[in-house]
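Protein chains in written order, with this note's numbering: chain W, 1 to 329; chain U, 1 to 852; chain P, 1 to 333.
Hints in this document: simulated from the structure, not taken from any laboratory.
On a predicted model such as this, the values are computed, not experimentally measured, just so you know.
Be aware that one or more of the hints could be misleading.
[As the list claims (entries may be wrong)] With a Cα cut of at most 30 Å, we get these calculated BS3-like pairs of lysine-lysine:
hint : chain 1 : residue 1 : chain 2 : residue 2
1    : W       : Lys263    : U       : Lys397
2    : W       : Lys183    : U       : Lys411
3    : U       : Lys644    : W       : Lys263
[Stated by the list, open to error] Here are some, though not all, of the chain P residues that point toward chain U, as calculated from beta-carbon distances under 7 Å:
hint : residue
4    : Ala123
5    : Ala124
6    : Ala195
7    : Glu201
8    : Gln213
9    : Ala231
10   : Arg234
11   : Glu238
12   : Ala239
13   : Gly243
14   : Lys258
Yeah, the Cβ is synthetic: ideal placement off N, Cα and C, and Gly gets one too.
Chain by chain, the residues:
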Amino acid sequence: MKKFLRSIDFWDLLLATSCAAIFLYAAIFVPNFASGFNLSQLAASASEKALLILPMTLLIITREIDLSIASVLALTSVVFGLLVQAGVPTLAAIPLTLVAGGLLGAFNGYLVSRLGLQSLVVTLGTMALYRGIGYILLGTGSVNILPPAVVDFGINNLPGTEIPWTIVPFLVLAPMFAIVLQKTPTGKRIYALGGSPEVARYSGINTRRMVLNLFVVSGVVAAIAGIVYTARLSNARANNALGMELDVITIVLLGGVSVFGGKGRLTGVMLALVLIAIIRNVLALNQIGGDAQGMIIGLLLIGSLLVGNYWRSTQEMLSRSRAMRETKG
Amino acid sequence: MLHLGALGEADAIVKSDVAVPVALVQATKAFGGTIALKDASFELRSGEVLALLGENGAGKSTCVKLLAGVYLPTGGHIEVDGKPAVFHSPHDAQAAGISVMHQHPGLFPDLSVAENIYLGHMPRDRFGGIDNAAMFAGARKVLATVGLDVPAETRLGTLRTSEQQLVEIARALSLDARVLIMDEPTAALSQREVERLFTVVADLRLHGVAMMFVGHRMDEIFRIADRIAVLRDGRLIGVKPKAELGRAAAIGMMVGREVTDLYPERNHATGALVLEARGLSHAGGFSNIDLKLHAGEVLGLGGLVGSGRTEIARVLFGIEQPDAGEILIDGEAVRFASARDAMDARIAYVSEDRMGQSLVMDFSILDNAVLPVLDKAARSGFYGTDRAIDLVSDWLKRMKLRFSGYGQPVKELSGGNQQKVVLAKWLRTEPRVLILDEPTQGIDVGTKAEVHAMIADLAAQGMAIILISSEMPELIGMCDRIIVLREGHRTAEFARGEATQEKVLEAATKAGESAGPAAQGASEENRKGPLDILKRREFGLLAAMLAVAIPVTIINPRMVSAANLTAVSMDAALLVVAALAQMLVLITRNIDLSIAAVIGLSAYMAASMVQAYPGLDIGIGLVTACAVGGVAGLINGLVVTRGKIPAIVVTLASMSIFRGFNSIWAAGDQISADEVTQAWLDMTGLKIAGVPLIVVIAIVILCLGYVLLYRTAIGRELFAAGSNPDGARLIGIPVDRRILLAFGMAGLLGGLCGALWASRYATIDARVALGFELTVIASAVVGGVAIRGGSGTLLGIILGALTLLVIKNGLTLVRVDPLWLQGVYGLVILVAIGIDAFIVRRAEQARQARAR
Amino acid sequence: MKAFRLALLASAVLLAPTSLAFSQECAKEPLTVGFLPKLDTDPYFKVAFGGAQEAAKEIGGTATQVAPSQATAEAQIEFINSLVSQKVGVIAIAGNDANAVAPALKRAVQQGVRVISYDSDVAADARAVFVNQVKGDSLAEMMLESAFALSGGEGEFAILSSTPTATNQNAWIDFMKAKMAAEPKFSKMKLVQVAYGEESEQINQQQALALVQAFPDLEVIIVPAGIGLPAAARALEEAGMIGKVKLTGLAPATLISKYIKDGAAQDIWWNVTDLGYLTYQTAQAFAQCKITGKEGEKFTAGRLGEYTIGAGGELILGPAKIVTPDNLAEFKF
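So that you can see chain W by itself, here it is in the shape it has in the complex (with noise of 0.2 Å):
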């Protein structure tokens, strides 16, 4: 017991708490909340979102970062859309925008892993070029003929359930993305890379071919966001989820993954993406409008980590003075 409690992080802890308490706020006191259309769609609103958190905290863990994640999200849609004009059956299109989404992946992390270039100023020029190619693609317009197959997945729900097909990919990888974090000795590499890239070259890790890889996992995830997107929508277009990434990056540091890498958990990151679908949810339904969240969004992410910080110290006062205390006894 005392061995399961231990194995709880203090974040991870405060974080489902903040959700527990908002949730039953909301439940009580915010009409129409915990409707089954609410919830639903709420789950089906953080799709992409949610997919694009997966990558981006293995990213973040192993001190790299991927602007271009949303840009990729609009290219990989744009091209399943045009696949699809062009009369490719879906099942050969989505492997297809699959392969298009590493490669885009594979580019920035080429750059990044065999140039050493910086992934924030790669992925800045990437960002623009990736959603640059979605426009000379597609020009102006936009895809909105689907296969009825795509469309139902994009806006029905499993059978006799509530929840919406556009999440069961999340639903699916991120338990895979959970355990190969922290059960399997590729995510213990991935720690250990991003807690000190040196100790994890002079210990055998191939770094670069791991940071090429994970590149490469983020342009896949990103294109499977990209056909979610495009079948929630029922719209293949180049500005399709505009200013995503910073959403994306937002919700993994509020989950609290270290920029500084080497720190963080999953499962910290996915009680952000629900405490932050909720409080929007919330602020939503109360009228809240759009900038007004942003802006309460931003506080909260900067409030909870001075809180975690001065938490922290706090433990590492109380640590030395029993150390001073036991040396002097």
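Put chains U and P on the given structure of chain W with help from the hints.
Then chains U and P, alone, in the frame of chain W:
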């Protein structure tokens, strides 16, 4: 019993009639759970050298850092001139007349040698700016004193390790302090350079400077010291005049027992040849190295710090690839592309840099120890903690590791216990060849003996071991053979029994004369080096710009029409002001994502104030914008420095906060051109001799920026804070205050930019400059400002901003489909940073080649 | 009851795909109308909402307005769902993307919420009525005619649009191209470039100036985007080219009044307050089953008088006006 010595010293402080500028009184220092120093008291006397002697980890560096003001004592205090004093920062210590040569130089690779010497105490001219003439003159003088023959303008990053150490010494001397503290200044120096330092010390002694010398080489200590203080395990064992203390006695006090039992008996036969290197070379590290290593043999690699020992190990372990020569295992040539390849060949490398390369400090003992053998801990693909513990517990137990649990973070362990984790980690890989790089550095005596016994034991079992060590006795006591290196060349080889400390040291430092011309040649190139790089970098941008501008002009001559140039220059003016703001933050190793939000907020506030008080137009507009921007910047800065939250997170959040605030405040209001006064619009639009006022304003701001960044001490400290934050703290630069200043200034400039924006574009709402931050960061990055901090030039950001705008403008002028703009834009950023990386890499290669 | 509703729904879908509202019960009294414009705190929609509130005061019921901070369909969908959860009676949406919000709107209808659109239409099968400021393509036609008049019927002109994916603007541009191809009247006019101002004063100014340099013979720039026209006017004014290259397009009259007074620009605009007012009236009439969205239905919209629904469920506010120094005072926005 031994404690009495310390008390006796405390009494002596009172009785002594010699001037005592500074003393430690009952000083204690604890980090987290570990006590680094306990109840230490000693004094530094004028005209005297006190040598601080002790094993690694005995608390010497802690004493140095307490006196230097880097640490505050947890207990006890410091006395200055007999009065208790508190050093809150290195600056306070400097003010008390204490100057320090640090062990790991607190130097700044991006700044010039002269600036490195004078940072923190720059000579001022009568306007309060940096007196460059005086600084360079002073730098040349003090460089001559320490015998370093490089131009004072050279960028420090291009110097070799030993040259950098000499700059550190020059820096400490330039302070003309009455107390000089030297923390292992000789570790990387040649015999000749050491001699020069000792001449300087003798001179300072005559001038009544109180000095403290921390060192390892007994010869040096007994030559230079007047009194010797011995530390062991964080306690002061005693302080004795040199005459009263023989070498043997001193070592006895250091280790706390007889010296003879330090090194284990080793008399087994060596086996077959395991590893061989033939003509191994690596640019910037070593050249033409042959070595042979047999099973059961301990081969020593001796030499000064930076002599190429570690570089050889890195190549043998596959971290770096040799430029020439080959490595053979069991007689077969192998190529290691990575450490993994070397590990597969059963080579293990225990790095000298325990914190940087061996252990992830925040991670647990188990996670660290199991790192190289993770796959073995994952039966059926899933990592199991129990299995991992099974894997490593055996070796950890054999090491007699003292720990509270496998989950304990290694940072809570003492140095010796950390080293045990490292050794266990590597021995678990079951290596045939074990490379130990300074394995006993910074660990306590007991552990040291255990490590030595273990080395002997492993060799006896047939393991082939390479031992790299700066400690002569360790090399001589442990090794079957010793190869000595000097500046990357093999200078001698000694068999067991042949080697003495004198012989090894001579081989490591001899032929200082031959090093002379080489160094001369290097500095000759240095003189041109950094300028070339600068030229090339900015030249590249200029070329890129022309590559677009010339063809465009040929197709459409209106590219260079007055109207077009005016339009581009006005846009450039705004962008450059914002890019300067971003650069101020970037050079301190931070980033400001909120810059566009600040511009938007201040633009709206300024415009609405002008609208509300048309009588005060320009005045109130500018004041409002600057105030809003400045406050926003300070908020960012305070959260970053006080809250200890990374800037990218803070400004990501503050971006939405400022935007949201702006939006709520504006509530959908919009201010149009005819709701503000004409004077307000003329502030940017008016043309003076054909030049728009906004361009003039931007030029004035850039000039002020130039003065701040290049002509004031504070400006140089901004670069220093980003180039090497820890080093900057070490020499008393208030890094947090400088970062706060950078954010404040960036906010102020953002505010100003907002006012200019409001005046230039006239139509203002809450969404002004949305997304502009990416353009601003892009132009700074394209202009060569490093995200890692410390480097960047004004010319660079000007060219960066111009390049982006000219390309955008040029593409439209030649009627390229606007849909292509964004893609091309992204490509330009990628190409620019690619070229930048290429140039930096070439400069680095050139530097390494020179250093050879 | 449920089966009955389902049957109704099914027959509604079968019989009249454009009016899904059959499935809902008629409201007895004014309901809550949730306005969902393209963007939060956008001046244009704030003014329109002012009109809606005015109407709410007159006939009862409540008008609420929420919007995302990004002008994307994806962000808008969250707010559609939020309005559904709040159980508003009617959603009045100005779509960021005609098709992308359609699935969410259809889902809203299934949940018993009525949907109309205003300002920017959504897919016709996702709403019952579209309150359009101006009839169909007449805005595009007016802009083209205005450019024709300004240029004297011949010469080069360019369009400085909003974002490349802006639905309304793209439809107008397509219309203009088709019209020019079809009518010999415009044969001497040549559309040389479509540039994008990205809804930013800065980029609009940059692009306006660059267009003038890229096409030296440019006569007119059409700027069919809110903030673009005043920005372009200001840029040309500064460059001293405001008379040489003429401007026309859509912009809030107050933002461009200075240049209209100078005669340097033409502006086509409508009464934005009335647009909001009419939208609210329409929403309530629709909720109370006074109208269903079928062509030819009539209802009275308060102070604006009687309106008739046109083809495709389109309700026209009235003809747009060319803003002149004389009628400038009519426009509060």
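Violations among the numbered hints, reported as their numbers in ascending order: 4, 5 and 13
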